[in-house]
Amino acid sequence: MDFEQASPALLAVEHVRKRYFARAGFLSAPKPVDAVVDVSFTVARGKTLGIVGESGCGKSTTGRLALGLEAPDGGSVYFDGVPLPKYGSPAWRAIRRRIQLVFQDPLAALDRRLPIAAQIRESLDIHAIGDTKGRDQRVLALLTSVGLTKHHASRYPHELSGGQRQRVVIARALATEPDLLVCDEPVAALDVSIQAQVVNLLMDLQTDLGLAMIFISHDLKVVRQVSHRVAVMYLGVIVEEADSDHIFKHPRHPYTQALVASSPTPRQKIKTPMLLTGEPPDPAARPAGCPFHPRCPKVMEVCRSVPPLAREISPHHHLACHLSEPVTLEAMAS
Amino acid sequence: MIRFIISRVVRAALTIFFVMTFSFIVLRLSGDPALIIMSPDAPPEAIIAFRKAWGLDDPIWLQYFHYFGAVLQGELGRSMRDGRSALVIVGERIPATLLLMVPALMLKVGIGIPAGVYAALHRNSRIDRLVMSFAVFGFTVPSFVLALVLVLVFSVGLGWLPTSGADSWRHAILPVITLGIGGAAVLARFTRSAMLEILGQPYIRTASAKGLKWSAVVRGHALPNAAIPTITVLGFMVGSLLAGAVVVESVFAWPGVGRLLVVCVSNRDLSVVQVILLLVASTMVCANFLVDLAYGLFDPRIRQAPRGAGQ
Amino acid sequence: MTQPTDKAVTDSAEGLMPLAHDRLNAQPFPLSVSVAIFWLSFMCFVAVVGPSLMPYAFTAIDLKARLSLPFTSLHWLGTDELGRDVFSRLVISIRISLLVSFVATIISATFGTLLGFLAAHYRGWVEQTVLILADFQASIPFLIFALAVLAFFGNTLTLFILLMGIYGWERYARIARGLAIAANSQGYAAAVRQLGASPIRIYLGHILPNTASTLIVSMTLVFPEIILLESGLSFLGLGVQPPMTSLGNMVGYGREYLTRAPWILLAPATTIVLTTLSVSILGDWLRDRLDPTLK
Chain A
1 MDFEQASPAL LAVEHVRKRY FARAGFLSAP KPVDAVVDVS FTVARGKTLG
51 IVGESGCGKS TTGRLALGLE APDGGSVYFD GVPLPKYGSP AWRAIRRRIQ
101 LVFQDPLAAL DRRLPIAAQI RESLDIHAIG DTKGRDQRVL ALLTSVGLTK
151 HHASRYPHEL SGGQRQRVVI ARALATEPDL LVCDEPVAAL DVSIQAQVVN
201 LLMDLQTDLG LAMIFISHDL KVVRQVSHRV AVMYLGVIVE EADSDHIFKH
251 PRHPYTQALV ASSPTPRQKI KTPMLLTGEP PDPAARPAGC PFHPRCPKVM
301 EVCRSVPPLA REISPHHHLA CHLSEPVTLE AMAS
Chain B
1001 MIRFIISRVV RAALTIFFVM TFSFIVLRLS GDPALIIMSP DAPPEAIIAF
1051 RKAWGLDDPI WLQYFHYFGA VLQGELGRSM RDGRSALVIV GERIPATLLL
1101 MVPALMLKVG IGIPAGVYAA LHRNSRIDRL VMSFAVFGFT VPSFVLALVL
1151 VLVFSVGLGW LPTSGADSWR HAILPVITLG IGGAAVLARF TRSAMLEILG
1201 QPYIRTASAK GLKWSAVVRG HALPNAAIPT ITVLGFMVGS LLAGAVVVES
1251 VFAWPGVGRL LVVCVSNRDL SVVQVILLLV ASTMVCANFL VDLAYGLFDP
1301 RIRQAPRGAG Q
Chain C
2001 MTQPTDKAVT DSAEGLMPLA HDRLNAQPFP LSVSVAIFWL SFMCFVAVVG
2051 PSLMPYAFTA IDLKARLSLP FTSLHWLGTD ELGRDVFSRL VISIRISLLV
2101 SFVATIISAT FGTLLGFLAA HYRGWVEQTV LILADFQASI PFLIFALAVL
2151 AFFGNTLTLF ILLMGIYGWE RYARIARGLA IAANSQGYAA AVRQLGASPI
2201 RIYLGHILPN TASTLIVSMT LVFPEIILLE SGLSFLGLGV QPPMTSLGNM
2251 VGYGREYLTR APWILLAPAT TIVLTTLSVS ILGDWLRDRL DPTLK
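Chains as they are written, first to last, in this note's numbering: chain A, 1 to 334; chain B, 1001 to 1311; chain C, 2001 to 2295.
The hints are simulated quantities; they were obtained by calculation from the structure and are not laboratory data.
Label pairs and their computed distance ranges (CB to CB): (1) C:T2270 to B:L1158: 14 to 24 angstroms; (2) A:D282 to C:F2153: 53 to 63 angstroms; (3) A:D80 to C:L2290: 44 to 54 angstroms; (4) B:I1127 to C:T2270: 25 to 35 angstroms; (5) A:H151 to B:I1127: 48 to 58 angstroms; (6) C:M2244 to B:I1094: 32 to 42 angstroms; (7) B:R1081 to C:P2055: 43 to 53 angstroms; (8) B:E1197 to C:L2290: 12 to 22 angstroms; (9) C:V2126 to A:V306: 39 to 49 angstroms.
Ideal Cβ positions, reconstructed from N, Cα and C, are used throughout, including at glycine.
If we strip away everything but chain A, and leave its shape as in the complex, we get (with noise of 0.2 angstroms):
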């Protein structure tokens, strides 16, 4: 699992912060909420990065970040060396060709007034890509590469169910052959059982075509099925980040842990379950000090004032917690 270093990262996300602000009335001052308060992270090509965290924890916003959707308040992002164009501007569209993004909810992400081989199609019209014919015949090739057949190509989204959707949304994004794709809950909005069809589908395009992927869920599971790289969210940062066995054999932010301790496989033993006490993350009243801690089974005095740095404890294992910091560490020991 050594690829990091082997070339430069597709994807470099350094220190990205986003704010938004919520109008609470008419008249008020537009209250200020901290969706992505410091992230960085790096997404090698071929490789997939898994962001995990409850809803509110800014791992979409971090997907919209890294996508170019949307411009960072501070921060910056790399695509290939070289920061991502301004929103809107030609550069910006010409480099969507290699940047895709799998929606949460694909009806939504689909004209529901046009055939979805004349959607798939739309983005080898964009990019200009081959001639009339080669685009109808990739089109085929596309359908029958996420699974539909070319029958499909004259039905409307809405005749479709609702994992053939995302099969289209999938192809669309495909059509370009990007180097990136970011999925935002691509499954949350699919049945169950449906579910896993699209997560093999995913992996098994990953490994065919060699892609980069984001792949964001609050599902832990699907996570750690397709990530190679694992980060995990809380409240606008990255608390933990490291490969994807390591992170899930062991954890070491309380958060991760209890995240992984809610959500066991058939081989684990269940150890004392430890669960998540208090109020669920609220991004517009973020706690001083550790965003974690008033929910944290170890909390210490440090916690409440000082927001803890993230830090490589392992190779490739970075976290940020009081808990492991040599000085605590001693501390305690003392």
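Add chains B and C to chain A, keeping to what the hints say.
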């Protein structure tokens, strides 16, 4: 609540400002009033003197500033016809218009709201269908056609009422009915749909499910909530009373502001038209303001939440 | 590509959703809607081919046959104070009134939708300006506004149509803006934008077709109001100017002869009422079928 009132006042002021600017631009761009007012064979010196007297030879921005300054001092110009104050000319027509509008408004509210409520409470009954057809006709029959039909029946046919003029209270009957019927139809339709929407809400079902008497549910829950959209329409009606007067006063030769407007528009009497425009805008703004305040009374949420279309 | 018997959907427990247009077709036309459609088709027919069927030129004066009664072999609907054939004048009036209302509706819908899309696309001060203008337009009675503009700019048919074309723009603008913002924020438009599509492709290729049904319903709701406005202004003598004639114009001039020759104004008045009634019935029906959210 104070913030709420301030924001409404600012909006009202903005509307008035827009109307003044609009009327100024439209009226000034529309051609040379000197040539329109003076006879074509008037000597050139007379035309120049006229322009000078009315400030028409100043640059347009200067005229604009003068105009605003004058309006703020209550000096709204003089009729270019007879040199009388435009404000006075309009002012002396207002009572006649009110004489039609107030009874008409009472008729609208008196017929429209009960009819709408009744129709909603007895949905799909024969009376509901009758009210609805009445409402559709109110929407589709133009007021001048309605007025002429009434004249044809009650004045020409039956000879009960005079066809036009303003000599006695009997002259007012047909204009009031014309205005009242159309407005009542609009109001009935709005009240009905507002009531129906409220009656379909879960809290109405809850209220009646917990054993409250139906009449108490209607009085305590449905009517106050349905009042909010109805008040909006009513506010617009009050605000546009003058617009309604234009056609009806013309048909019945009623000496009110509406007829004055038509005459002055034909004569291109700038100052008087400006005054009427400002009068209409002020009425509209006041009506909207009252509606907003009424909203606050009926629905405390409005004081906080943003209003208007969109997100 | 035809749809051969394809295999059942395999990966889903969900069934196929019913087609939207099936729902539309399943319901028979109510009688009132059929009558309305018939009347409107008839009006369009008269407007298009009517002038070639007219027995007289609509301006032809025949002083010997002044105020002739209707239902005679020479003049089906009688003649007016100058002996002009009422039927011929009615045909031309229908043509002019429909032309004004139709063109004005198109102008207003185009203009309003464009402004709505601009507001949704640029947001910020563009959006604020459009919204303030829309508020302003909605708060001033249009008849007063129109009177001021018309009388002071003089009156030509082109100017009159353009003026009528302002009526109702704010409604389209608000609808178009609202729908475009919704589509941009999470829907298909956001998806197509992220594919790299240009704004023109997004708005004309996706948002416009998707909002068309709502906008068309709004057009059927605005259209009768424009007919009423046109006829009202013409009635006051401030709309379509003689020698040209329109429905409101005929009623206005016929008013002088209300007692002696009511047929001069009854025919155009009936036409106005039936036409606005038909469009309203059709519009309400379309709204209930296509877009129940619109009021």
